[in-house]
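Visitor: Listed below are the residues making up each chain.
Protein chains: 2
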Amino acid sequence: MSEQEGLTVKKKDNFSEWYTQVVLKSDLADYGPVQGTMAFKPTAYAVWESIQGIFNTMIKKTGHKNVYFPLLIPESFLKKEAEHFEGFVPEVFWVTASGNNKLGEQLAVRPTSETIIYYFYSKWIRSWRDLPLLFNQWCNVLRGEIKSTKPFIRTSEFLWQEGHTAHATMEDADKEVLTILDFYQDLIENYLAIPVLKGKKSEAEKFAGAYYTTTLEAMMPDGKALQMATSHNLGQGFAKSFGMEFSDEKGEKKHVWTTSWGISTRLIGGLIMTHGDDKGIILPPKIAPIQTVIVPIYYKDDEKGQVMKKANAIKDKLEKINVSVHIDDRNTYTPGWKFNEWELRGIPLRIEVGPKDVKNKQVVIVRRDSGEKANVKDGDVVGKVEGLLDSIQKNLYEKAKKELQNKTSGVKEYSEFKKIIENKGGFVKASWCGDQDCESKIKEETGATIRTIPFEKENKLSSCIYCDKKAKNLANFARSY
Amino acid sequence: MSEQEGLTVKKKDNFSEWYTQVVLKSDLADYGPVQGTMAFKPTAYAVWESIQGIFNTMIKKTGHKNVYFPLLIPESFLKKEAEHFEGFVPEVFWVTASGNNKLGEQLAVRPTSETIIYYFYSKWIRSWRDLPLLFNQWCNVLRGEIKSTKPFIRTSEFLWQEGHTAHATMEDADKEVLTILDFYQDLIENYLAIPVLKGKKSEAEKFAGAYYTTTLEAMMPDGKALQMATSHNLGQGFAKSFGMEFSDEKGEKKHVWTTSWGISTRLIGGLIMTHGDDKGIILPPKIAPIQTVIVPIYYKDDEKGQVMKKANAIKDKLEKINVSVHIDDRNTYTPGWKFNEWELRGIPLRIEVGPKDVKNKQVVIVRRDSGEKANVKDGDVVGKVEGLLDSIQKNLYEKAKKELQNKTSGVKEYSEFKKIIENKGGFVKASWCGDQDCESKIKEETGATIRTIPFEKENKLSSCIYCDKKAKNLANFARSY
Chain A
1 MSEQEGLTVK KKDNFSEWYT QVVLKSDLAD YGPVQGTMAF KPTAYAVWES
51 IQGIFNTMIK KTGHKNVYFP LLIPESFLKK EAEHFEGFVP EVFWVTASGN
101 NKLGEQLAVR PTSETIIYYF YSKWIRSWRD LPLLFNQWCN VLRGEIKSTK
151 PFIRTSEFLW QEGHTAHATM EDADKEVLTI LDFYQDLIEN YLAIPVLKGK
201 KSEAEKFAGA YYTTTLEAMM PDGKALQMAT SHNLGQGFAK SFGMEFSDEK
251 GEKKHVWTTS WGISTRLIGG LIMTHGDDKG IILPPKIAPI QTVIVPIYYK
301 DDEKGQVMKK ANAIKDKLEK INVSVHIDDR NTYTPGWKFN EWELRGIPLR
351 IEVGPKDVKN KQVVIVRRDS GEKANVKDGD VVGKVEGLLD SIQKNLYEKA
401 KKELQNKTSG VKEYSEFKKI IENKGGFVKA SWCGDQDCES KIKEETGATI
451 RTIPFEKENK LSSCIYCDKK AKNLANFARS Y
Chain B
1 MSEQEGLTVK KKDNFSEWYT QVVLKSDLAD YGPVQGTMAF KPTAYAVWES
51 IQGIFNTMIK KTGHKNVYFP LLIPESFLKK EAEHFEGFVP EVFWVTASGN
101 NKLGEQLAVR PTSETIIYYF YSKWIRSWRD LPLLFNQWCN VLRGEIKSTK
151 PFIRTSEFLW QEGHTAHATM EDADKEVLTI LDFYQDLIEN YLAIPVLKGK
201 KSEAEKFAGA YYTTTLEAMM PDGKALQMAT SHNLGQGFAK SFGMEFSDEK
251 GEKKHVWTTS WGISTRLIGG LIMTHGDDKG IILPPKIAPI QTVIVPIYYK
301 DDEKGQVMKK ANAIKDKLEK INVSVHIDDR NTYTPGWKFN EWELRGIPLR
351 IEVGPKDVKN KQVVIVRRDS GEKANVKDGD VVGKVEGLLD SIQKNLYEKA
401 KKELQNKTSG VKEYSEFKKI IENKGGFVKA SWCGDQDCES KIKEETGATI
451 RTIPFEKENK LSSCIYCDKK AKNLANFARS Y
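Chains as they are written, first to last, in our numbering: chain A, 1 to 481; chain B, 1 to 481.
Keep in mind the hints are simulated off the structure, nothing from the lab.
What you were told as hints is all true, and nothing was included just to trick you.
Lysine-lysine pairs mimicking DSS-like chemistry, simulated, CA-CA at most 25 Å apart:
hint, chain 1, residue 1, chain 2, residue 2
1, B, K80, A, K102
2, A, K123, B, K338
3, B, K65, A, K150
4, B, K320, A, K317
5, A, K61, B, K309
6, B, K123, A, K279
7, B, K250, A, K338
8, A, K317, B, K60
9, B, K150, B, K443
10, A, K309, B, K60
11, A, K286, A, K373
12, A, K102, B, K79
13, B, K65, A, K315
14, B, K25, A, K60
15, B, K338, A, K60
16, B, K286, A, K65
17, A, K60, B, K286
18, A, K320, B, K317
19, B, K200, B, K457
20, B, K320, A, K65
21, B, K310, A, K60
22, B, K61, A, K315
23, B, K123, A, K150
24, B, K279, A, K65
Every beta carbon over 10 Å from chain B, so not counted as near; a handful from chain A, in silico:
hint, residue
25, T62
26, K402
27, N406
28, G434
29, A471
30, Y481
Covered by chain B, according to a simulated footprint, are these stretches of chain A (three or more residues, beta-carbon under 8 Å):
hint, stretch
31, 28-37
32, 65-72
33, 114-121
Quick reminder that beta carbons are idealized off the backbone N, C-alpha and C, glycines included.
Given these sequences and hints, build the entire structure.
Guide: Right, dumping it as structure tokens:
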């Protein structure tokens, strides 16, 4: 890697340009030929595979099953639920021909799969014995994005999982929505090391066609919120439009309650923004595809044998305790070039092994988050690596948590609200009367929307930040991606 | 499960109807609203996940990396390689609008990804240091199928992996093609328990745009061949169309050699056809998502505690040796109903635990392939289960291997060739002059195509089965899916 292939801009000087550079230079992504599309390069896709593995374990343990539904959805399906159709139709890619034949009905390339899935569920659900139906799919989704596209964050095609469940009662659906939201929180906070706010969406911000939407929202370094996950109770609206009925234990016909929930490759964008620095990205150890890279250093041929032997021995020892290790034994690059490259790619730990280390029965270990360097005796390497990986995982979360706290303000006056949104950004906690008029005026005047309405009842409400009338909720406002 | 939910037709009496029933009734698939589309239900998708896990391990160990490229491909990309375009364009689904906006250029929903991937590779490949480039993606692909669609076997959308590699030399590309073909053979024969013929495709049957195509072909019970996997050396044709050049160690510009290779959810169709019987599907233990189902049997409440305790103890013991176990503790169905359902779904082993078994310190184990039943002492359960799973895996393969041998005929006369293809089906080994005219006349007159040209040189060639001229190759002909 020549000098100019590293980042040429600092994260705090020009966040947007920094993000673009880090995405293009850290083996993460490249721009596609069609507006808003992108290629996922190996590091980004490996992070996605880590996320898939973690989340699959969570949902499979609780009885959910993976399935796969068709990409192409007849337009008439989307039209069955009016709000849903209105919400998605402006972004839908339409297939109108197959080969040289014009199709009778145009087909949507799925922007989300509720309608096609309910076509099947209405056939599959007959009796209370079939409930709950707990299915999930991992797939691509397309939504034509024209404005402010950004790799991972806002793209015309992205990868996600969408869970779609059907239940006999509202209570069962409510419970499912929160179970999944907890899984998402566990994944995002404990694996991706990104702290989030948890709550409900307002009526204006909920999913098109939902009864209610719950969400997790993170705060990015530029003061804009990023929606990380949503889990919706869809009520019985779709059940009525699609005829999803079951016979209960007494033989009575009832409509099911459905939920849907999703996380997407947007999480990777959040990860880059939250943990990256001026050297590149930083991958939290729990989701890093490679946790430790070993760089062997030798100048003469007779040094090579000893150094490689030692490198391999360390690799074996670390793999026994399930640390993933890569030895970078390319002879086409210098050690210094390799150090830069693995820092750019965010590998949590680097182990350097040179002839002197062989002689002194030690190695040099460098942590990616702080740059801290230590000489470690051979016998201590395993314990040290384990400890450092833990420490990096915690440190990344703690740092991000502090950032979130710094970027959260409580205000009582609208003038202050506007000033903070305009200058500092971040979440602004404010009391709100619950009226959509106030919400939309605030959005119009400041660009900030309600990101979450916390689940916990707030006792110390002041009057509505906008209209001064009696407040119903505390809400977290922010500008967002 | 009431009586009529089982299969109502025998595999040997009406193979096609048997296949449809088994697909619909064994938790495998359901038909979609758009011609040729389908939903993958939990058992089918879990088999796909098994296949993904096995193949990912093989390719990652050999330095391949997973990535993801855009679904939508500009028409102009497809047109850059003429043969390729001609080959795929009749089946392409075209996106012509996004929301209410007509697109300037129509976009193909990927029928295969060579062209979009080479758009990126031509940017990413600069030097010999960048080679070999070994990438793979798991994704959906769409090809508008109108005639003889069949779930898993021929569908308008399917799931697959497509590997796309770039190399400095022809030799490297040749080697990659065969390495992957060996991985496929290992997967299909040793995990899916389906024996295959291995070889090259003829010029007429090769992939559109390929230099040559290698393939694995299996024989289905109805005498038709099923293409299970292909691995192509694409030569330098695409490299020239897409400008994929690298500087070699001397600084000279050269075109890369590319390969592509794929397996798809069609494998699941082959699995169903090969191993299924009149009771349902049979999953080879190595890819079964559940290897052993335990059905607890009790009639009185005071029996339940003991029976469930024993069932759980067995589950724990089996999970320790990595056998995947499911206890079917639903109280909404009878044991007999459950036996039928798990047989329909092809779970390799069933363990029955009743009050008498608790008393006698034993269980009843039933194998799915032969129906054989055995009383097994508690202390022997782990060893017995391990042995039976091995035995089932081998038995399924051996049975299929015998079938393949029975369905392979060697002929020297065209009249015999026609008779066998018409009446018995299967592979017909015959000598062939290598002329495309003979090949296409044979296809026209019998419906049989060349499925493989074996890699091994054949010494005992007779004259061409069709024209009687000097033969160049032995070829395996068959009708196919």
